[in-house]
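Engineer: Fit chain B to the known structure of chain V by using the hints.
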Amino acid sequence: MKPILELKGITKRFPGVLANDKINLTLNKGEIHALLGENGAGKSTLMNILYGLYEPDEGEIFVEGKKINVSSPRDAIAQGIGMVHQHFMLVPVFTVTENVMLGDETTKVGVFLDRKSPAARIREISNEYSLAVNPDSYIKDLPVGIQQRVEIIKLLYREADILILDEPTAVLTPQEVDELFTIMRSLVESGKSIIFITHKLREVLTFADRITVIRGGKVVGTTTPKEADQNQLAAMMVGREVSLDVNKKPAEVNEKVLEVENLVVLDDLNHVAVNNVSFDVRGGEILGIAGVQGNGQTELVKAITGLSHPIDGKLKLMGRNINKASPRLITEIGTAHIPEDRQQDGLVLTATIADNLVLNTYYLDPFAKSVIVQEDKILDNAEKIISNFDVRTPSPLIPVGSLSGGNQQKVIVGREFSRPIKFLVASQPTRGLDVGSIEYIHTRLLEKRDDGIAILLVSTELDEILKLSDRIAVMFDGKIISIIDAEGATKEQIGLLMAGVVEA
Amino acid sequence: MSEKEKNQKPKNKDAGKIFLDEISKSPLTVTILAIVSGLILGGLLVAVTSEEVYQAFGVSFWSGVQASADAIWATYKALFYGSVGNPGKIISALKDGDPLAIRRAFNPFFDSLVVSTPYIFAGLAVALGFRVGLFNIGVEGQLFIGAATTVTAAIFLKGLPSIIHIPISLLAGFIGGGLWGFIPGWLKAATGGHEVINTIMMNYIAFRLSEFLLRGPLKNPEGFTPVSAPIEESAELFRFFDNPIRFHAGFFIALVVAYLVYLFLFKTTWGFTLRTVGANPRAAKYAGMNIMRSTVIAMFLSGGLAGLAGANEVLGVNHNLALAFSSGYGFDAIALALLGKNHPVGVVLSALLFGFLRNGAIQMQLSAGIPIDIISVLQALILAFIAAPAIIRTIYRLKEPDMDIDSVTLHGWGGN
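If you read the protein sequences in the order shown, they are chains V and B.
Residue 102 is where the first sequence starts when you use the working numbering, and the numbers rise one by one after that.
Residue 137 is where the second sequence starts when you use the working numbering, and the numbers rise one by one after that.
In isolation and in its complexed conformation, chain B is listed as follows:
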């Protein structure tokens, strides 16, 4: 009866109720609750997989609960120390005033930003594709090709000042990745071949191609392993601090690029065209837009952004090209773009989340002995909740949103 009464009077709502209503309808609420739920479930998983917890339950129920809490606490503490830093260490380092100790204390935080940077580029690549109704699974391959073209420009162009060498190397990465995206884009426009299949295939070609390059033309003549020569110093991205902090200018370049992608998508006629094609290709066609051209342009730009992710790693972090320099940034980026609702701001935020989780996970493994894979499970849980908002809405009894303007995306699967 009380349920009924609530439904009966939708009009006489006070400000508090309206506020709660709005929060409950906001898509952001689902995202946040998905992350929270992921962390809770991840914690349970830690407890369930810990041997000590089982032993403690053998002693008594209460000590089992205690051991579970301890295990979860240790895990998330290590995750926090690994991704943001150990507050105790930071304070004592600041007190002592030893510059190396201070840098070490702050290093986890800056390293998380370093890990986030390629995620931002790669996430933007996927998001841009999604906005145009294209499912670019090929970001990983485009990232490799972009890294290869960048490293070529960064090794073989010599005697240039940084102010010229860096932009040229970045551009090389953009064009390299762009061309790798252009090919499946063109195939789709000209023949209807689905970009999902073709980008996956292009990934394999990219991996093997970069392997060939690293064993042949790009191989460091002085080395034995398939690694390129170090890039020219003039092409290295500026690092703000001394060792061990690797934090470099790439992070800010990524933020600028995210802003440019935002302007492109939402403030230009090109973006208007691409978004319309993505949201409803039939209406776009009726309105006189060129679907084929949009597809090709979008795939080129998406590939180009992926290429920048590779360029960023080469110029900012590794200063050379090695075989396995990317740990699946391109694939994580698909999930990340969805988490960020394919909006540049969302992408930056979720890239930061992924970067901090990834970086923290390494520390977590070292100090708490929790396998690094728990982070993959955690990410998977968060994403599953994002992908199935109905679960979150049911658990937390949220209201359906009136209509989600950002609910673009997956009809690329339909093969239009």
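In isolation and in its complexed conformation, chain V is listed as follows:
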């Protein structure tokens, strides 16, 4: 069969980087083709070229055997190529219809918007692929999973035959992921072809027809789920053997470090975000908090780290009441915090790596003598942490913002793990990181657990929770609806709890 899409010798250079190096890729009609690779491997660059956002330095693109030129997304759409970005391009206060029409408005008498006929067409599309999207809903009222379908409808409405999905599962619950793949399957069955970008191995093996692995801007190989397994794919992605299974010793639990009792916390808009939550974390164990993003985890962590104060309930850290404690006091008692949003909350991107490594200790001996900053000590500290934690950087004195995501996270982990701590809050510690970095951070977390440190792990990645936790608390709608032993817990069981379904 003639491939519907063929990329030949695509090369793209950015100053100092070869982002795509003579990449060849073929997409057959009616297949789901996974593009697998670490962050920075060049997947997104390649897709942006295909979608007309970048111009390739070399190489050719063929659709159904015909050479085409795409220099803008408009060209790409005209050729039947559509893309759903990782971050949705939707206007929250517009309806589904309005969003779908945007940029391609149908009008009456040339000036008045015609919403009716597009709405009808959207309803048709929605029925055809069982998307269950109401054209009259406002985007802001829709769950993320449905918003994603609106993005897909946008492409189908423009009659795209080749769909590119950039990290489509990053924002979804396990159930939503399954639904998405059902939809993808029905799309390819009706003749569409899909390229989906991901770095999650499990999804690739379950849902793709073919897999192309990219590393360092080059195609490492193309395979099928039948021929490959997770370890093999991971090795292809990273370029070395990676151990995906961590060796977890049984936990040696000691005294309670954090005690949370009937905690109530408000969010920024003064709504109750954490509703009567109680749990404790003991030294030497990892308590995983699972849940779909936005179910109160962020507010819970803020209260525990002193960034906000609870309105009711009790928070005790090492026997000390910290309801009203400042972040600095909580840090000084022995808490480390890996924040959810590392660039906004964990680092000062314009400051040097060295300064970032003393962000919460700069005022203490030996980094300061009375009020005078000891630059040599700060530099020594930086060099030590950079080598201990394998931060890849040419110098400790460059801005931390110029490092890759994985190395930025290593800076935070290095900073937090290099001082004496008893309690660690890790929020989404591996979000957006590549396989190698994830492996590294997981190992470090387990080391800390084995040192007897109490760890509260908040993650929306179910795999991560299952792999690391000793106990799992599932949060839904501000409440902890269940705390279960990680031993023997299944993905399905937790997935249901995450969706708020409590078994009798």
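Calculated directly from the structure, the hints in this document are not laboratory data.
Please note: incorrect hints may appear among the correct ones.
Pairs of lysine-lysine residues, derived as DSS-like cross-links and limited to a Cα-Cα distance of at most 27 Å, are as follows [to be verified]:
| no. | chain 1 | residue 1 | chain 2 | residue 2 |
| --- | --- | --- | --- | --- |
| 1 | B | Lys-403 | V | Lys-470 |
| 2 | V | Lys-485 | B | Lys-403 |
| 3 | V | Lys-415 | B | Lys-403 |
Structural biologist: Okay, now just chain B, sitting in the frame of chain V:
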């Protein structure tokens, strides 16, 4: 194709290429090119607005070009004579050996330094605020209040030796300006009221307040105009030369203060805290820093530095307080701090540039008949180029910098 080839081999660069690369990426290059471009455009403006040039173009194209060149040359010559001095006059004065003539010949240079001095203080005030993410538009008002408190201390404290009277008067100016900055700082910390709005409002209050003071309590009882009595001689800053050179110790005080601000910002834990709060308040909060306290302290210090600008004018130049003693130093200082990348060294350099331009402009108006406003246009052009480095980078085909560590500042606008 040749473009492509260049891009293809980024590795085999010789030393010269690397050097050019570095220069091209340096933020300093943009600053210098912005100044040069400003001067070029300013020159064109002079030509375009000159009547003689139009008449000359009426005669022939060539004479038009000639007339343009003449006009530009005359303008910048006058600017140079006015700000640095007339080399011919300097040489002949030195030959004659007449002390008054020598002083007159050197006066433009020293007077430029005198004009630069309040710019240094005011520029440091704005820069310190920027470093902490605060946009202090209130420097002008703080400068007036600082001048008022200084003049009070300098008039009403009597019988003190200079060594005590001067520091007390300066301190009075620092505290006066500081309090005027403290109020919007405190308002921001306690209520979230944006400092841009509040400092502007505080400016109006300061102007009217100093007017009230000069018509009432501070008015010279022997005079009729709203001017204060002359300050005690013991409070006057030392002048290094006889008339007409006004060059005084304030310039060196300003340099010392700039150095102290540098030490404070970059060598102390306080400075570390303030800079972190300025660069990323959320990360600062996560790291346990107190944002509110930092805001209040920064606004107090920023106001205090502005107050010193006022104190400097009173103690060093005017020896009294008049209504319109500041010609917008506080507002120019905002631009100047940006030009100096909010670094004390940069502030001193750009204060000198502003001082020399301002002082030279007066001479330019007198001898070349070029309106003094051309200097404002020139400053505006330079600043526009600084604020939009992309223009300069495009014109001169410079490379993007990898990451500008000094690119702090304007997110104060975001109202965090």
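Engineer: For every hint, state whether the structure bears it out.
Structural biologist: Hint check:
1. B/Lys-403 x V/Lys-470: 11 Å, holds
2. V/Lys-485 x B/Lys-403: 22 Å, holds
3. V/Lys-415 x B/Lys-403: 40 Å, violated
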